[in-house]
Each structure stands twice: as structure tokens, then as C-alpha cells.
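S.K.: Protein chains in written order, with this note's numbering: chain A, 1 to 345; chain B, 1 to 345; chain C, 1 to 345; chain D, 1 to 345.
These are computed hints drawn from the structure, not numbers from a lab.
Some clues are possibly wrong.
No copy labels: a pair is met if it fits in one copy or bridges any two.
As the list claims (entries may be wrong) - Below are the SDA-like pairs computed for lysine to any residue, each with C-alpha atoms no more than 25 angstroms apart in a straight line:
1) 272 with 65
2) 60 with 95
3) 199 with 70
4) 60 with 278
5) 60 with 272
6) 182 with 260
7) 182 with 74
8) 60 with 220
Since the structure is predicted, the reported quantities are computational estimates derived from the model, not experimental observations.
4 protein chains.
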Amino acid sequence: MHTAVQPRAAGKAGAPAAAIRVAVAGATGYTGQELLRILARHPAVTITAATSSGTTAARKLPALGHIFTGDITPLDPPALARDADIVFLALPDKAAAELAPRLADAGVKVIDLSGAFRLRDQAQRARWYPETHALPGGLAYGLTELERAAVERAQMVANPGCYPTATLLALRPLVAAGLVAKGADIVVDAKSGVSGAGKTPSERTHFSEVHGSVSAYGVFGHRHGAEIEQGVGGPVNFVPHLMPLDRGILSTIYVRVAPGTTEAALASVYEKTFGHEPFVRLVGASLPEIKHVAHTNFCDIGWRVDDSGRAVLVSVIDNLLKGASGQAVQNMNVMLGLDQTTGLL
Amino acid sequence: MHTAVQPRAAGKAGAPAAAIRVAVAGATGYTGQELLRILARHPAVTITAATSSGTTAARKLPALGHIFTGDITPLDPPALARDADIVFLALPDKAAAELAPRLADAGVKVIDLSGAFRLRDQAQRARWYPETHALPGGLAYGLTELERAAVERAQMVANPGCYPTATLLALRPLVAAGLVAKGADIVVDAKSGVSGAGKTPSERTHFSEVHGSVSAYGVFGHRHGAEIEQGVGGPVNFVPHLMPLDRGILSTIYVRVAPGTTEAALASVYEKTFGHEPFVRLVGASLPEIKHVAHTNFCDIGWRVDDSGRAVLVSVIDNLLKGASGQAVQNMNVMLGLDQTTGLL
Amino acid sequence: MHTAVQPRAAGKAGAPAAAIRVAVAGATGYTGQELLRILARHPAVTITAATSSGTTAARKLPALGHIFTGDITPLDPPALARDADIVFLALPDKAAAELAPRLADAGVKVIDLSGAFRLRDQAQRARWYPETHALPGGLAYGLTELERAAVERAQMVANPGCYPTATLLALRPLVAAGLVAKGADIVVDAKSGVSGAGKTPSERTHFSEVHGSVSAYGVFGHRHGAEIEQGVGGPVNFVPHLMPLDRGILSTIYVRVAPGTTEAALASVYEKTFGHEPFVRLVGASLPEIKHVAHTNFCDIGWRVDDSGRAVLVSVIDNLLKGASGQAVQNMNVMLGLDQTTGLL
Amino acid sequence: MHTAVQPRAAGKAGAPAAAIRVAVAGATGYTGQELLRILARHPAVTITAATSSGTTAARKLPALGHIFTGDITPLDPPALARDADIVFLALPDKAAAELAPRLADAGVKVIDLSGAFRLRDQAQRARWYPETHALPGGLAYGLTELERAAVERAQMVANPGCYPTATLLALRPLVAAGLVAKGADIVVDAKSGVSGAGKTPSERTHFSEVHGSVSAYGVFGHRHGAEIEQGVGGPVNFVPHLMPLDRGILSTIYVRVAPGTTEAALASVYEKTFGHEPFVRLVGASLPEIKHVAHTNFCDIGWRVDDSGRAVLVSVIDNLLKGASGQAVQNMNVMLGLDQTTGLL
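When you get a sec, could you build the whole thing from the sequences and use the hints?
M.R.: Right, here's the structure in full:
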């Protein structure tokens, strides 16, 4: 009996189980398509709407053939509020900032994959997401493993950014446990695949520019840096890099640990935090690789500490799954009281 | 109600459903790991053994953490026969040629992913698989969509090669329907990702040799050519190529069609053959791409015919799934009378 | 004394040698940049103008820093005719169709990298390049090794397409020698890197769409097919494919050879045709790979023939060099009476 | 007159110019092949020997066809000393540690691409290169731009490691100028293509393991870290990462600058250090990319400083050229009193 996967909830054969109605607004982008793929096979939900902006509404989604065969329709907020119990927003920040409160006010649960509601501090929000004027009530930050209680009772979830997800899962437990030296610089050197930049062609994501290349971008000016700083409660030097691969993030985190802190101490904190978490795998000094988590909802975390108190943490995720659509469904499961792995293994 | 995926069989929550015992011999290679990944979440089976050769038995499989957590043990044929109802062989040809008959004789159902039992003609087998001395009874060639009746009653299935799977699903229906002109050359130019070459490092699969390169190999001498020729009953000029990607095969097939045959005639044959098949998607003149089937069990088929009677067929699969482990599980489902998509969507 | 490279012409130290004035119209695309890179270090020429359309004139070309440091200026045909002895056109077909005759009439030598003047047959040209109304006098088709005499005396050279270059260098000598069976189908399955599609971002060249994928396109409708058919004087079934790499083309060519033709007979023809050519390397049955010619002006050709008269030819080039800018400079060298390798090794 | 490239020395047409005899020991690895490629077209030298170990002596080098057509012979130290004025060692550390002093003693100039002689401190050398017992006289560390005077008069050059070359060119000038804050941590997060791992296949460099993946390795234990620390005279937290590309290194360097130091101050130091260097390109805040230096001997350096005194430096090279064979030839040029760009542009 070697199988580790937990038993699933009863499948769709049981009609009532699939009675939860979900909608995806922004269904043709990369995260939208991943949502459709996951939700179409999720045993507890039925997709009642998938929307796109007018110009792409008729677009074919060949990868989803035989998986999701419904129509992609223009966005119609009142219809969404009427036909869905939960709405996923895979929209630009501005569109999400406007739509999310309307849906929540109408009693619909909302999982927002944009950045519009991730920053709690008003000044930070004004700087990075000026289109978001206020935070609605019942809002949770959906870093599932570390915010589960808030997600359980949320009306609306701000799904974390991809870089913050990879980084904070490795870093926040150590900060919370007091293992990170006060005042020392925290450097986060993050490497991402190109799908994180979305589906719109640009020079920066043109194949011939990215293949065989690596580049840094957004130095001192990426809003995911603000989100990471919110998560750890202090300054972080965050530099993202574009890698010649499609999916995945590897975040290398350089910190000073508190005096006397050992690798085993980190292991203990991680084990305590994530020991029972199905989607976090602790690999210690063997260090994780993007390949091992691509096309999954896992976050793999490794770490090393040397005698002089330097620590290197390495965390990897699939940016479209644990960094976006996978975690969004994980949050939905938690909001609905389902096993959080439902539809995700 | 837009969801296209069929209802699943009841999940593992139902204890009896998971009572079928399966084993994987050769569990640490790429196809073996894919088998573990699929079977671990399959609601109707329990993995009772996963074996590897001595030197790799202790090997870590980091990608399978939290998915399959059992032990990898040395191969023990009597134990396999005792502890499993079905055994998947992801072994070298020679090892499979020896082990498969022993297991079948012991009453175990066998799904062999090696090439040892794919060729029915003794002379062909002597040339390409000299280690295989005879074919056992109850053997089916597991090209599921085209051999379902044989698979249903088989004691043992020879799972097709990756190139033949992609090629024959597109080509055999047209040959069977008489749409391919007699006597004209059939050219199969196939492009494969590197994972088809297996997990053992070699100069040919060294990253620095493959990245940024494309090469032809095995001209006039690849045994998958013999398997394709068996499938169509005549000569085929098959040339495989190595591409700088990991997973996927695209097979471009050049034939002459019988006089007067139109694109619509091909569409009609394909629709008749595959119209109800969950894992074959017909895309017609829009032509398929590897990306759309990677990490799935789908085979996407497109076709074009011109006025002069030339036809170009394009077929794509994921070589590790529909071209190996996915189709193997599909065959298992058919052998067990389950919905063939169980565990595969 | 193992060095095979031929002695170069005297370098730029000799002032008169560099007195030939060259201009590049369309200098910021991929082929334009390659031209600047080659010409800037070419010992016999001086770049007197590099132009671009208005919107990109101020564009930075970071790869060319310290190599070409001149200005990119708006296109000014009279200035070009006045300031350059030879003009390279790396422009869209329509712009080249208009500009080339004006420059040639002004006595400037022109090397046109567009497709505007490649097809001699008026009906074919009307179909594929309707913007080209007539062919000027003094025009040569610049497949250097096979058209050298014409290039030597040309006022204007139509530089061949990338697919035709790779394909015709392998195929035309066999057709010319009568080794290809009459009436049998010729199939050309060509695989290209993405840079052949140019520098303008599009969905088809978006990194996330191409990485990990392979696709066929232009079936029965690619104008390079017409150019190949012109070169061999008969029908060819040409299907190009997009590969997940940046530079390089591999063309796999399937023909029937005349009765009794052996691999050695092909070798003999190739040796006679290319034995003294510095940029064609004959590799025979060992078959060539893109990696071996990337970033060079070489074309490597391999071939196999079986007992039944089937032949497979494989030809590889770098699409931006031998398939475009490298061959363009090779043609310039021939037009100027220089050693054809000048600046290209 | 827009051409920036300097006039070359007269080419090989002048017989005396090519009279310098060079040999490459270890000619079939990636750096050895690059050396042959560069030296074969270098106007001032003649390759008199290219050696390999017995098992690979007969190996074909298809990429070098028509470029280097000499024989690859077994290593014969006395013959090397007799037939060459300069010997490049592209050998394993141990072999180089033994051979280099013998050649130098025989009066031959030696450029060693191994790590054997890079570390001056005996304790460090004992730890990282125990096979190197002592440093010979006349030894220079060949970071050309920063050690030119030593290289000019050296009998033997220890060619720097690839990571140290990229890192130290960006970091050492700032340390030397006192712009880096004392006592603050220096983090070097370096990303490399796979060719840096050499030509021998391994699981770590197997295409299917690297494609689509990123991984950290050598944390707290990579000998290039010691070489970087030697270069800056203090501790550095260096973590290399393997990227899914073939050629190139991008080094992201995180430092604290001295109080009041601005971006302009860094620009001033860099301009003073490298303003006249042909192979260093300063790109400032626009940040460099690997693609722009691949297949060249350039090092591109960018930098950013924020108000709080954090600085991010980004440096890119081609690991096989400026990080190995290109810099080796650059050093040869300096040793011979030639223009340092000879054969390298």
C-alpha cells in the first residue's frame, strides 16, 4: 500500500457534489486556461461561465479541446453574479479592481488573481496599484498554507503573486520564528519562466530574444517586491530575472540567521510549519529544481546554513499553478470546506 | 453546464474500487515515473510494488515526493506474480522478453512498454528484437483506439512505440478505408523530444549537443519503422529527428490519396473512426502542435489534401503519455472494463 | 601547418582596400544586424549608411556595441545611391520591389535579401510577389555555389530564401546530374528556428507558444516552395516546420533515385560540385546537425540511399548567415572579385 | 565612416606574421574546440599541434570541418615543447598542474585554462586544487583588462574561471575605488549555461533534466567562490545556478555602497577603468543580457544604485569565450605584443 495520495472526494458521478457553480472571468489567458483545465475535472464544481473581452471571445483554445467545450462569452457582471457561486478573476488589475467589489457585494465569493487587492498598506497600494481605491471587507491574502484560517472565512481572496508565493513560503516561517537576523539585508534573486509575463506578444517575450538568454529586470521597481516586503515586514532587495523556459520560478534567498542558528533549526521550523501540508515538500540541503514542480501545485523548499551565519534558501514553484491558478483552486477548496487537494493532484 | 469531461468512476473513497493491485517494473526511468504518477492517483488501483535494478533501487525520485512514497525495491518476479493483478513492464527489451511470459503464465495481466512483443512477423522480430523468441498467447497490440476489442480480452498487451502511436493513429484509418493510393511512397518525417531516448546520459542527449540543434537519425534503420510498416501493411520511408525539447512527437506524413479523394473525405473517415474517442482530437486543416498535447494523453490529428492528390497528415502526442505510460494505463482501463479515461484526464 | 583557413585579403590597414562603400537598408532587423556585424569587420568595405524606418531609427542595438557604432538613419534613396557602391536591402518585399530598380538604375550594385526578385516566371511572381512588376536587367539568383558566373557579372542579386538555400544546395546537383528519378514525388520536410520569422513579435513567435513545441505551417502554400520548384524544374511537396530554437534550418529531402544509383554516385556528384567550395561541407552518411553550422556560413550536406532506390538528403545551414546575410556578403565578394570567404570565416 | 572595429594587423598573406607556433593540449573539449576555431583564423599564428587523450584522439570534430583540418594527436610533452612557442592547456586540473611547469621550464609560454594555478594562497590552493603543489615563477592571473601589465611580461598565465571573469570585471573596480561598503555582505548570484560543465555527459547535464528547469548548486562549496574572494580580498556569498541554455553567464551582484555613492559614481569608475577597453561594454541602468554577448569576447556590465545604498551589478559574458578560450587568446595577444583584439572580433 504505497500510494501516498489522499483519497479524493467522491467524483462527479454524485450529482449533488458538483453543484457548486464557478465562473472564470478572463478565461483565455494562460492563467485563465489553467483554471478551466483544473476546474473542468474538479469533482465538486461545474463551470457555468467563462468570459473574455470582446476581441478574443471567439478565440479557439486548442489545448482545451475535449476538456472544456463550453463557450467563451463576453464579460457580463450581473450574469456572473447570478449564475456563479464563486468567480475567479484572471483579469488586468484595473478590471479586477472594479469588478471584484461588485461581485462580493452581490454575495458571490471572489478569488482574484490580479494584484489589485494584495497590498494592505494604502500608501503602498497607491504606489503600485493606484486603480484600487479601497479594500473590501472579508478579504484574505491567499497564501494558503500560511493564511488558511483567514481564507476559510473569506468572502474574497487576493491570490498572491507568483514571486511572493515562492519567496514567502520559504522566508516567512523563518522570520516568524525569529531565525532571521535583525537588520541584515535580505536578498531575493528570483528566476522566472516566460509564461509569467502573460500571453500578449512583446519584444521582451519574443522567442528569438529569450532563447539562449537570461536577463534581470525591474531592479528596485517591481511591485512583487512590495508584496514580499509586506509578507516579511521589512525591506527586501528583490531582483527578478527572465529565464529561457516557459513555466516555473526558482527563488534564491540570501539571509543572515540569528546567532547560533543551524540548518537543523531551520529544518525544525519548516517541519513544524509544513510537515502536514500536502503541497509543500521539504528537501533540505539537496536543494529543489524547477523541473520537479512544473505542471504541479507543489512548492519545494531547500536550505543551507554555514558556520558564519549565512543562509541560502531555495524555493521552486510552477508559476501558473502554485503561483496562480493552482493556488487559486486550493483557496477555493479551503473556502468551500473541501479537502484542499481536490482537483489538484 | 459547459464541462466536457466525463464523470469519473467513484474515487478511492470507495475502498473496494481501489482493490486492484498493480506493480511497475522499471519504476525509475522516465516512463516508469510517469506510470507511478498516474497510478498513484488512479481511483481503482493500488500500487503494490515498484522495482528497479539494484544500482538504482535506492535512488531518490524528487519529482514524485508526496505522490508516490513507497519503496523502490529490487525486481523479484515471483513476488510480482504474487502481489499484483497487473504488472507494467518499463524495462529494456531483453529483460521484458524474459519476464513477460513468466508473469503471464502465472496468470498476471501484463502491459509491456518495451518493444519486445510489438512485431508479429517472426522474420521482422528476429531482425529488430532477436531477444524475443516467441509470442505468447492472449497478446494484443495496444494501440487502444484501433485495437480495443483485442485489448479488452488480452492477457498481455504490447504497448506501441511512441513514433508508431503518433503515426498509425493518423495513417491507419486512411489505409483501412482505401483512401491511400496504392504503390505510392509513404514518407513519415517524425520529430521527437529527447525524453524518448530515456534517462541514461549520452553524448547524443547531452544538453549542450541538443540545445539549439536538430538532427536526423536512424535513416533506413529504426525499428519503429518496422512497426509502422506492420501497421499499414506496406513500405514506409520513416526518418526520426531529435528536437530541442523534452516531451512530444510531431509526425508529418506524406501520402498520395486515391483519385478524387478530398479533404472532406479524410475528415469523414477520421470522424467515423475517432468521433467518440476521448483521447483523439481532430483539428483538420488548422494543424496540431506539440504544445497542445504535452502532459496529456491526447493525440491531435490534422490533415490537408491538394488538388493533385497529395496529402499531408500531422499527428502529435506526448511521447511519455499517449506514446508510452498514458496509453499503457488507458489499456489497463480497457482490460479492466473501466472507463478508459479513468486517471488520465 | 594544420590550419585550413585560406589566407585573407590584406586587412583594413591597407586604406585603399577598404574603399568600397556599402550601405544596409533595413539595418535593425535580424538580417540587417547580421549584415552590420559582418560588414563592420570586413577588410575591404566601409559602411557608409545604415537605415531603418522612422519609428525604429533611434533604436539601440545593444548586441552591436563596439562593433558598429554609426547612426541608424531614415531611408533616403538618393543619398544611398550617392554614398554607396553596393547596397544591401534587408527590407519587406514591397519596399525592396520599389527601391531596388531605382538603385540599380543609378548604377549602384544591389543585393536584395527580400523575395521580390527571386522568381523568374511571371505567373509565379504574380502569385507570390504581386508587388514585383518586372525583373530588371543584370539580375542573378544568388545561390552562390551554383550561380557563381551569373553573380560575378550581375548588377543586382536576388539573394535566395533560407529554405531554398538549404534545400537546393543538396537537391539541384542531383537533379542536374540526372540522378533523381523522373516523375517520382519529391518531399521536402524543412525545420527552421524562429529567427527566420523576423523580429516583429507575434503570437506564433511568442516564447511561451514556441518553447516545448513543434508545428507545421504553410502546407501547400509557402512561397519558398515555389522557389524550390523553380530550382529543380518540377513539383516539390514542401512543408516547413517551426522548431524551438533560434537559428538554423535542417531540410530533410526524400527522393527516388534513378535505377542503379548508389550512395557513392551521389558522393561523386557532390564532390564534383562542391569539392573545392569553402562553404559546403560534405558529411555523407554521418548526417549533419544544425549545431555544427550555427553562427557560420557553412552548408553541411549528408545523404543515404537504400537498395530500393529511396534517398534521404539532409542539409543544414544557419538561416541568418548562409540563409541570408552570410550568403549576401559571399555574393558581394564574388561581385567584387574578392576571395569569397573574405569577412566570413 | 561608421565602422567602429579597429583595423586588423595584416593577415596571413604576410608569411612572417603567421610564424608564431601555437599548440592546444586538450583540443576536443568545448574550450579546446573554441581555441582551434579562433586560432585557425588568427592572422599571426600557426597551429602546430592539437592533442587529445588516447581514447578521443581519432574523434571527429564536425563543427570544425574546413576550419581546422589538422590531426588530433596524443599528448606528447617533449614534442609540444619543441614544436610550439605558446601552448594552451585545456586539460583537467591535475594534468595541467603537472604539464604546465614542464613546458614553462622548457621556455615555452603557457596559457592554462584549468584552475590549477588560479589561487595564490597556498591554503586555499591546498583546499580547492590539492594537485597543484607550487606556483611557478613568471605567473600572471589572466583577467586581461585588470592584469594587463602582469600578462604582458608573463611566462605563464592562469586563465580565470568563467564565473570569476564575469563577476570580478564588475566588482573589482568598485572595491578598488573604495565604493563598496566595508563589512557588508556581498552576494553573487550567478547563472550559467550548461557548456560550462564540459562535454562529458552526466545526469546533471542530460537534456531532459535541464530543459525547462533551473537549479542552484555548489552552495558554500564552489571553488570559483574562492577565486572571486581572492579577487575582492574578502568574503563573498557565491551561488551558481544552472540555466537551460548552452552558452553564457549572467552574474547578479548585490553590494552595499559606501555612504553617498551614486549611480554616477559607479559610472565614473567603470568609465575610467574600461573606457578604452574594446571588450568591455558599459550599459549602465539599461542592464545587459546574455544574448548580446553570446559568441563574442565581450563583457557587458550594467548597474543600479538606490537611495538606501543598495547596489545591483549585472555582468554577462559568453562562458566559452570571454570566460575561457576568447580571454585566453586575448592574453596571448597581450603576451605577444599584438593588438589584443586580433582574431577575436
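S.K.: Hints first: check each against the structure and report whether it holds.
M.R.: Okay, the hints, checked on the actual structure:
1. For a Cα distance limit of 25 angstroms, the shortest separation of residue 272 from residue 65 across copies, 18 angstroms, qualifies, whereas the shortest one inside one copy, 42 angstroms, does not.
2. When the C-alpha separation of residue 60 and residue 95 is checked against a cutoff of 25 angstroms, the pair qualifies only within one copy, where the shortest distance is 23 angstroms, while the shortest distance between copies is 34 angstroms.
3. Proximity of residue 199 to residue 70 under the C-alpha cut-off of 25 angstroms is restricted to the intra-copy arrangement: shortest distance 21 angstroms within a copy versus 36 angstroms between copies.
4. Proximity of residue 60 and residue 278 under a CA criterion of 25 angstroms is satisfied inter-copy only: 19 angstroms between copies versus 35 angstroms inside one chain copy.
5. When the C-alpha separation of residue 60 and residue 272 is checked against a cutoff of 25 angstroms, the pair qualifies only between copies, where the shortest distance is 23 angstroms, while the shortest distance within a copy is 46 angstroms.
6. Taking CA atoms no more than 25 angstroms apart as the test, residue 182 paired with residue 260 passes in both settings, with 14 angstroms inside one copy and 24 angstroms between copies.
7. Taking the shortest Cα distances, residue 182 and residue 74 never come within 25 angstroms of each other, neither inside one copy (51 angstroms) nor across copies (50 angstroms).
8. Proximity of residue 60 and residue 220 under a CA criterion of 25 angstroms is satisfied inter-copy only: 23 angstroms between copies versus 39 angstroms inside one chain copy.
Checked against the numbered hints listed earlier, the structure breaks hint 7 alone; every other hint is satisfied.
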